[in-house]
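Chain by chain, the residues:
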Amino acid sequence: MQPGQASRLAEWISRYGLLLALVLLAGLLSCLTPNFATAQNLLIVLRQISINGILAVGVTYVLLTGGVDLSLGSVVALTGVVAAGFAHPGEYPVILAVLVGILAGSGCGLVNGLIVTRGKVAPFIVTLGMLTVARGLALVVSGGRPVSNLSSSFTVLGGGAIIGIPIPVLILCVVAFASHVFLKRTRPGRYIYAVGGNEAAAYASGINVTAVKTLAYAVCGGLAGLAGIVLAARITTGQPNAGIAYELDAIAAAVIGGTSLSGGVGGIVGTLLGALLMGVLNNGLDLMNVSSYWQQIVKGLIIVGAVWFDQKGRR
Amino acid sequence: MQPGQASRLAEWISRYGLLLALVLLAGLLSCLTPNFATAQNLLIVLRQISINGILAVGVTYVLLTGGVDLSLGSVVALTGVVAAGFAHPGEYPVILAVLVGILAGSGCGLVNGLIVTRGKVAPFIVTLGMLTVARGLALVVSGGRPVSNLSSSFTVLGGGAIIGIPIPVLILCVVAFASHVFLKRTRPGRYIYAVGGNEAAAYASGINVTAVKTLAYAVCGGLAGLAGIVLAARITTGQPNAGIAYELDAIAAAVIGGTSLSGGVGGIVGTLLGALLMGVLNNGLDLMNVSSYWQQIVKGLIIVGAVWFDQKGRR
Amino acid sequence: MRSDVRTTEEVESFLRIRGLTKAFPGVRALDDVDLDLKPGEVHVLIGENGAGKSTLMKLVAGLECPDSGEISKQGRVLRMRNPHDAIRLGIAMIHQELMPFRQMTVAENILIGQEPVQFGVWIDRKGLLQGAARVLGRLKCAISPERLLGELSLAEMQLVEIARALAQDADVIVMDEPTSSLSKTEVAALFEVIRDLQQRGATILYTSHKMEEVFEIGDRVTVLRDGRRVTTLKVDDASEEELIQAMVGRELTLVSSRAKGRGAGPLLTVHNLSRKGGFEKLSFQVNAGEILGFAGLMGAGRTAVVNALFGLEPADRGEIQIGDRRLRIRCPQDAIRHGIGLVSEDRRRLGLVPQMSVRSNLTLANLKAYSRRGFVDVAAESRITAEQVHSLGIKSAGQEQPVAFLSGGNQQKVVLSRMLLICPSVLLLDEPTRGIDVGAKSEIHGLIRKLASDGLGVLLVSSELPELLALSDRLLVMRNGRLVAELDPERTSQEEVMGHAMLR
Amino acid sequence: SSKEEAKPAEAVIGVSLLNLSSEFIVMISESMEQRAGELGVELIITDAQRNAEKQVQQVESFIAQGVDAIILNPCEVEGSSPAVARAHEAGIPIVNVNSETRIEPSAFVGSHDEESARLAMEFIVQRLGGNGNVVMMHGYMGQAAQIKRAQGAREVLEANPGIRLLSEQTAEWDRAKAMALMENWIQSYGDQINAVFAHNDEMGMGALIALEQAGLKDRIIVASVDAIADALGAVSEGRLDATVFQDSVGQGRTAVETALKLSRGEGCEPEVYIPFQLVTLENIDQFR
Ligand SMILES: Nc1ncnc2c1ncn2[C@@H]1O[C@H](COP(=O)(O)OP(=O)(O)OP(=O)(O)O)[C@@H](O)[C@H]1O
Ligand SMILES: Nc1ncnc2c1ncn2[C@@H]1O[C@H](COP(=O)(O)OP(=O)(O)OP(=O)(O)O)[C@@H](O)[C@H]1O
Ligand SMILES: [Mg+2]
Ligand SMILES: [Mg+2]
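Going line by line, the protein sequences match chains A, B, C and D. Per the working numbering, the first sequence starts with residue 2, numbered consecutively. Per the working numbering, the second sequence starts with residue 2, numbered consecutively. Per the working numbering, the third sequence starts with residue 3, numbered consecutively. Per the working numbering, the fourth sequence starts with residue 831, numbered consecutively.
Below 20 Å or equal to it, Euclidean Cα-Cα: the simulated SDA-like pairs (lysine to any residue) are: (1) A/185 <-> C/381; (2) A/313 <-> C/26; (3) C/370 <-> A/204; (4) A/300 <-> A/34; (5) C/370 <-> A/211; (6) A/185 <-> C/384; (7) B/313 <-> A/115; (8) A/185 <-> C/400; (9) C/397 <-> C/26; (10) A/121 <-> C/332.
Derived list of chain A stretches under chain C, where covered just means 3 residues or more per stretch with a C-beta under 8 Å from a C-beta of chain C: (11) 179 to 189; (12) 202 to 209.
Derived by calculation from the structure, the hints in this document are not laboratory data. Just so you know, even glycine gets a beta-carbon here, dropped at the ideal spot from N, CA and C.
The whole structure should be built from the sequences, with the hints applied where relevant.
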């Protein structure tokens, strides 16, 4: 057996629990409602998880370093509003709107990262501050009103499809694949795990902890910017009050997928499974027409149950 | 100098930064608006922080063990609705409504604690599950409608005052004092610090880690129940949609006050200072008639700034 | 003693271990081990790194549950689900890995679980401080019970942990390498306490890689190899060679030749280096090809010096030169860039990334050499890992095993190996053989010597005087943050070194 | 603003608004400010962010500051009532704008939320000819606006047994959530759905976009409430079938005027009722 293979196998087996839980859930839903297991519906599930998925991939970087980013939802709103401002028909090329949005997002992330590393303020506080600041900025920039009238070349990013696959899903795939490779195969990726696993030891090994952490926050912010663009394109407007509490869903997806809040453990594959579990659950309960009160109860129970099942398998 | 005094002094000095930041902020506000530094307004600030204060004291227990409780806001809603159901005029004695509310809250906390300790599921996931489950239950119990028509002996808990001091403020004082003494001076209190400081070591030292953690979650839930009662009494109705995102404010108060999210560090004095800082900020910005968009920006900046200042002092 | 009437058999074996087996994924750590501990004896457990000593001890102290087998005390079979049960049954343990509560005071650390209380829950603070002071007094240790544990040096923490076990008033005390960070004086104090405990009838299960301790304190000695008991002997009947041979299962020639290589000019020069609260006005130089030893008592400031040279806690004043270039070392990155490597004494905090694999831990400080265009070259990494695993004898269930699951000594080898891989020109070694078994230690000594003869400058800090005397070319002695003597290791004695190190 | 400070304001009025990141409330707030500027009144505008407790706090602060009158845009019928009670106790006139509280204020300016849902639902019934299947998107569960709009819609449904409510679910006032919900509904009901009623325009727009993307819009009617700019645009383009106009400008201006009168001790109408109006392609020009 090749060196890397054994570990990948082991990783898959340790992931097995969650995958199994997901398969069981999907099986159950297929039995309960005929509309679940259709190709069309599965594509819809993928489209529905794409924004949360992009955010969850981003926050995985930060969680792996042992930090947290609570500002995601507000950054989504801010970047959506800003990008939408550059996306009115016939003004600028769409690529500019996209670039501006991503830059605004990574700018927020960079600020988070610099205050965390240079100012030594707890990530919870820094990103909580950014949560309110970015929301305030989104409201100020937009005057509290949605920015609409967007060009169709922009909105296609949210609503379009290429060979039948929705563009948001394609974006998520590219982002997730690139992040997986980056985290598992490159040097900075390895450093992210090391910093999260034992910051002092990473520092004593000559790793530039400041740079590594700042990078993680900036990437996370940039991906939040991307998510903001996709969201604005999907709902065809930049909403200053969009994305409220999205950070919670994104962190939940990562943590369900086995990424530890104390850093150093986890990865993109798990995060995607986590996002998928949440997406399947939302979709399935809607399809089964479960009343919205009970949906919340069932959703909470199933998520805790799936993670418990996953944990049990690992021990 | 007496044995314990040196350490208490050191603790006060390390707290100094935040206290100083608070004093500076209050001074600034007094200069900027004549309405701030009146006895009446300061009492209002205290009343305004009382609910967040009670929640923050509760969550401090959990944070000290190295856990987190995201379900607070939903538990506030659930217990408010449940207690309100027992608080219609002329049905039951008010003490029953209070007891039922606190029991419901500690029941939620107990479930959180048991799943965290026995099921070994990450606190983030468990309490996120409880966040949706408790919200769902609150809606189911109330049928999605506010529970109103409450007896005045119940609502006095939120609106009344004794010798000029609002009852919620008195409740907060009692809760905070008792918790401070409990955490600093009793054996279970010290074990909470020990478990959060080094769980493996606590286990190896023969401490019943399961019991200690479960206790912390149950106390936190019980205090959330109390906060739910005070809130219901104050707004004279049990509101199934109350308390959204309260957990974030509560955790923020504790963390601003120096309680670490990784456990073992912090305490009630800091938590109160944190809650006070947030309360003064909210009140002051409202008094100065800062536009609500800019309020968010300023608030975020000041909170991060105060914590940075506090941190800097400690190094 | 808890019971007065005992049958002869119980007197024979106070603690009786039968058929104890424990497996972890990929390794059988303990395999059908029988052991009898007599009342009032000090029973020493020895074996190579990863032989299963810690595992056995953890089972005795209820920290892990056996797969099969049983432990009985005074004829009663013990059913322990957790350490709490063990403590209740009178079994205490000093752990190999330190278990500090860094944010709590020394007194709280010592009496955790045994706090004097009023009304069942209310902590009697005065009683707490007095109780802690009493235990520390038994160890002749001057640490103030009010200090925060996080401020202590590693050795001081180890003493606190010893005190914690003593405070539990147990009649079986399991000691897993309690002296690994201690120097001679503290060891002597500990041994006095052990003898005192023995007098009172307590049974001690002791392990250490320092052979001289086996002979000094042990009554009987049991050798473990690959999870099995090889033999149990009376210490008086055993010889060092015999024990070592039983441990490694073959004849072993310990490297002892002192192929001295006197340096070819200064490599690292330090002038008037100071750090507040650590050390003051140090001037010395390390020559290429030379091993410079640093001796001193606990808290003398040796760790502070190497940490300063490596940029972990940079010096406040003074000069550091490599060759004839003056450097500013503000962080470990600077140090590594200039060819300085450090093996820290605190492998748990400053060494290991616990969840990462052996492979990733090994290459962490020099990953650049094993990557191309930013991508890690896993094949090259595996090759170098295999090499290091072989040459240092790192025992693990494969390169991919998380380093947290390695035995203490093997973890130390990983940390050491990481620094060797950066190919430094100056190597700072702070207690480099802490927890490493006799055989491997002698190989590592050989390696250090070889590195020096290849032209490296080595700065060696160790609390084991024999190691210092055997390896160093020159020996500096520190006391209270100052250099007080320079000695020639070949013409001095342990007594003379201690004389300089202690306050006169 | 330094010019205004030169001469003292006619009156100081404290305003506590439901939520300033909702477009509709922003419009009320802007019309209030404009009218206040014209009348020389100083407004202290605060945002309760949908939190009744916060609203009570804000009113208490106003009382402590000694404002001349208070305008309340209540979060909750019952939950915001203590705010009204406090104002009464302090003898400060309080005007409710847009929605009600259980305790009667000094004056009320606005409309009854049930009415808006009734209008939209009646439009749907009429377009379906009294027969068909509808789905309803709720606002955040338990909030006053959600409860009342659901109630208004149900009244119409009960009166029209030919209309079946296939499913109802919350999308929490959010456009993205509404899109996902609509997509899921299309999966489970497909062709059965004839009409969608959403409790606000944001959700209505979300449902609309999802239907358009699924190519079903021409067969399904969508109606919602609020008449935000986007919705009006969609109506004029013939995409959204109907929205319900609530006169935010009228409400804001009247509220300020009423509060000023009360602060001067002048009499005024205890209830200024500002009716809703249904907006469809036919009458869209009146509203743009
Ligand atoms: N939690 C664990 N998971 C997997 N393997 C383990 C675990 N703990 C110990 N081992 C393995 O069991 C074997 C015995 O380890 P143990 O710690 O008992 O050795 P030891 O004799 O104490 O060695 P040392 O002298 O280095 O401390 C080692 O191979 C180790 O890798
Ligand atoms: N983080 C810290 N904060 C405060 N004091 C410290 C800290 N680390 C070490 N000290 C103190 O500095 C002094 C020097 O410690 P140092 O660890 O350098 O000594 P050492 O000679 O290496 O001894 P040891 O063998 O104990 O490691 C000791 O008195 C120790 O208590
Ligand atoms: Mg060991
Ligand atoms: Mg040292």
